[in-house]
Amino acid sequence: MFKELDPLLHSQLRLAVMSILISVEEADFVYLREKTEATAGNLSVQIDKLNEAGYITVEKSFVGKKPRTTCRITTEGYKAFEEYVEALKSYIAP
Amino acid sequence: MEDIKINEKESIELIARMIKNTQNQFEENLGTPFLVWGYGTTLLSFLIWWLFQLTGNYNWQFLWFILPTVGITGSYLSNRNHPKRVKSYIDRVVDYIWLVFGSSGFIMSCISMFIWSIPILFIILLLMGMGTTLTGLVIKHKVVTICGALGTLSSLCCLFTPGLNQYIPFGLAFIIMMIIPGHVLNRAAVKQKIM
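So the sequence lines, in the order shown, correspond to chains S and A.
Per the numbering used here, the first sequence starts with residue 24, numbered consecutively.
Per the numbering used here, the second sequence starts with residue 17, numbered consecutively.
If you are wondering where the hints come from, they were derived from the structure by calculation, not from laboratory data.
Heads up, none of these hints are tricks.
Pairs of lysine-lysine, BS3-like flavour, derived with a Cα cap of 30 Å: (1) A/K21 - S/K26; (2) A/K207 - S/K89; (3) A/K156 - A/K103; (4) S/K83 - A/K103; (5) A/K100 - A/K207; (6) A/K100 - A/K36; (7) A/K100 - S/K102; (8) A/K103 - S/K72; (9) A/K156 - A/K207.
Where chain S lies over chain A, by a calculated footprint (3+ residues, C-beta under 8 Å): (10) 20–28; (11) 100–106.
A short, non-exhaustive set of chain S residues, derived as facing chain A with CB atoms under 10 Å: (12) P30; (13) H33; (14) L36; (15) E48; (16) A50; (17) F52; (18) E57; (19) K58; (20) T59; (21) T62; (22) N65; (23) V108; (24) L111; (25) I115.
Note that the structure is a prediction, hence the values are computed from the model and not measured.
Even glycine gets a Cβ: it sits at the ideal position worked out from N, Cα and C.
Taking the hints into account, I'd like the entire structure generated from these sequences.
Structure, rendered in structure tokens:
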């Protein structure tokens, strides 16, 4: 029996962002852009979607005069990611 | 990478690739705190030793209290100029290691200066050597681990060297234990960036 995959995570860029954030405590926008090789505009839109869903928190600050956006995964995000991986198993398992 | 649907197999591969990409990353200025504290301690220990040879005045030892100011200011400026783009659980563990060993060293130094005469240089080398060794083990870096272990072992030299001459092995140990790992870590970060 196949489990339903969370449509919010079943997208290349959003899943990449979540996979990075699951393995670190926090990461800034530049780091995420570098690792995902996405465009700034596209990444920004996907981060907003994850933030609106409550999967990540986004903190905007300044380092000197430069703006900085830091993302962290939330407990809800962890749970959703865990459930997504469990659901994936049902597709992969023989 | 874009906002496109992927199949289940691609999902698994993507998760594995992204997680792998975040492992064993050396941040750009990871070695800088080692360099700030290493150069600060080495220069100060040689300076105090030289001033004592020149004047015979033990009060030059109070110059040690410059070190926390230099170290904390240097680390702050380094963090401000090169803010960490990513913070991992390993970073947090390394921060805690140095919080514990650094504050223990400071407290022991104050006790040694004002309350009770203890072999402080031996104790400081032991603590900082253990801190460096643990850092090396946590970040899985052989050179840092070995340099830390050598620093820990060299603490014994301070026990067997008489008087303020202890400052010589003390300063030399900091070159091995902090300056070399600091440069090695910064070079590893630059190399990783190029690759």
